[in-house]
Amino acid sequence: MANEKNVASEEQLLYATWLEKGMLIGLVLIVISFALYVTGIISPVVPLDELSNYWNLPVKDYLAAVNNNFLHLQHPPTGWAWLTLLGKGDFLNFLPIAILSGITMLCYAVIVPVFMKKGDKAYMIMAIVEVLILALAASGLLKAGH
Amino acid sequence: MKENRFTGSLRTGFAVLAALLLAASPVTSWAAAAPADATAWWVMPLLLLVVTFFMGIIAVLGGVGGGVLYVPIIGGFFPFHIDFVRGAGLLVALSGALAAGPGLLKANLASLRLAMPVALVASSCAIVGAMFGLALPAHIVKLLLGVTILGIVVIMFTAKKSDFPDVPKADALSTALGIYGIYQSPDKTMNWQIHRTIPGLLTFIIIGVMAGMFGLGAGWANVPVLNLMMGAPLKISVATSKFLLSITDTSAAWVYLNNGAVIPMLVAPSLIGIMLGSFVGVRILKVAKPSFIRWMVIGILAFAGGKSLYDGIKAMNAPHPTSTHTQEASHHGK
Numbered sequence: 001m002a003n004e005k006n007v008a009s010e011e012q013l014l015y016a017t018w019l020e021k022g023m024l025i026g027l028v029l030i031v032i033s034f035a036l037y038v039t040g041i042i043s044p045v046v047p048l049d050e051l052s053n054y055w056n057l058p059v060k061d062y063l064a065a066v067n068n069n070f071l072h073l074q075h076p077p078t079g080w081a082w083l084t085l086l087g088k089g090d091f092l093n094f095l096p097i098a099i100l101s102g103i104t105m106l107c108y109a110v111i112v113p114v115f116m117k118k119g120d121k122a123y124m125i126m127a128i129v130e131v132l133i134l135a136l137a138a139s140g141l142l143k144a145g146h
Numbered sequence: 001m002k003e004n005r006f007t008g009s010l011r012t013g014f015a016v017l018a019a020l021l022l023a024a025s026p027v028t029s030w031a032a033a034a035p036a037d038a039t040a041w042w043v044m045p046l047l048l049l050v051v052t053f054f055m056g057i058i059a060v061l062g063g064v065g066g067g068v069l070y071v072p073i074i075g076g077f078f079p080f081h082i083d084f085v086r087g088a089g090l091l092v093a094l095s096g097a098l099a100a101g102p103g104l105l106k107a108n109l110a111s112l113r114l115a116m117p118v119a120l121v122a123s124s125c126a127i128v129g130a131m132f133g134l135a136l137p138a139h140i141v142k143l144l145l146g147v148t149i150l151g152i153v154v155i156m157f158t159a160k161k162s163d164f165p166d167v168p169k170a171d172a173l174s175t176a177l178g179i180y181g182i183y184q185s186p187d188k189t190m191n192w193q194i195h196r197t198i199p200g201l202l203t204f205i206i207i208g209v210m211a212g213m214f215g216l217g218a219g220w221a222n223v224p225v226l227n228l229m230m231g232a233p234l235k236i237s238v239a240t241s242k243f244l245l246s247i248t249d250t251s252a253a254w255v256y257l258n259n260g261a262v263i264p265m266l267v268a269p270s271l272i273g274i275m276l277g278s279f280v281g282v283r284i285l286k287v288a289k290p291s292f293i294r295w296m297v298i299g300i301l302a303f304a305g306g307k308s309l310y311d312g313i314k315a316m317n318a319p320h321p322t323s324t325h326t327q328e329a330s331h332h333g334k
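Those protein sequence lines, which keep their order, are chains A and B.
Numbering follows the working numbering, with no gaps: position 47 of the first sequence is 47.
Numbering follows the working numbering, with no gaps: position 60 of the second sequence is 60.
Derived from the structure by calculation, the hints contain no laboratory data.
Please note: incorrect hints may appear among the correct ones.
Partner residues aside, some chain A positions facing chain B, computed with beta carbon under 7 angstroms [stated by the list, open to error]:
#1 Glu10
#2 Thr84
#3 Ser101
#4 Ala109
#5 Ala135
#6 Ala138
Every residue, glycine too, gets a C-beta built ideally from N, C-alpha and C.
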């Protein structure tokens, strides 16, 4: 049956190592970016004292109002548009959030070669498909709205 | 003596939490009625930080994920729209899972081989759930959320747990995938294997959709399926479930993020508060009285689920609740 010792497999340990690094980077960065945002060191798109006028709106109305009143872009900032707004305090916080949301994809990608080396085709395919699914979710191609 | 003192402190903490929620409630109704520029901007994130701190303690002591408490409580008692609360709820559950995941994997309590096929199903379905959730009107989401939370209360009332479920023979699929392992507890070491893999995977379709739709971490559903249906030992099920959330919630979180349903002012204090609360919760877990805490969590969920259901029903009878807000905010922001 299984190994006689309760030791995690090579791919499991590799996954854990990458997950730990990504998680720590993301959490430290979110504390820093939030501090830069709320202290006003980096000014936000939506002024702090006006934010409460917007957070009770449905997301579609919120984006339209923020774009209409502050950003004046051709389209409301959805998908990866936040990358172009990283100089703003509120949008800077999307960077650590994206790191926290993206680290799993990286963890799966790094264990693919291990499965390949072991000849474990089923799990290799599963890992590749999972990367593709997460990449699809992250791509911004999936639109939803009321 | 120590337990009595602890229980007393916890009751005080619970009273503080209730008072904070009541304090937030008038803000909810007021914020829905008029622009909120009368209150300093920092009040709400500070309140959120304190509430999520207590929530983090209660979640650890009650053995539930942060998301399942977060969404109904913050959605029910704070002025944030449910779209943003669900996005933040996913990120709260995701962060907790990311923080716990490495340790659980290294200790071989969470099983990557068990999690990967399940995650494939659950994460794909969480994307569908998230898209459904963002497409549905808010009052329908609140209604369904209320029903779901009350359903979770029933599961918590009735679900049994088995430390070492009897799995006489592994099924063909789990054998082919090599899903088995060794579980070591202080008093025994045992080999574990699973069965009913296909029904288990099919159940994760529903769990994934619900996790994405409501922004809930799905530990409340993962553990019974892994433990009672598929036959993994309880501790392996709990650890694998926690790790699994880091994958399931990732896919749904991206959908919310890409659709703009993330407000940093809501997410950051919540993450910080719930993580600080979790650290404190772990420390006082040793002297906690599990039955009392379990009843407290059931009570909180029943109350929050009932409120969500009530809000959903009330909004169904109200004429076009969102259109006026849009105009007000647009006008005010100019």
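Violations among the numbered hints, reported as their numbers in ascending order: 1, 2, 4 and 5
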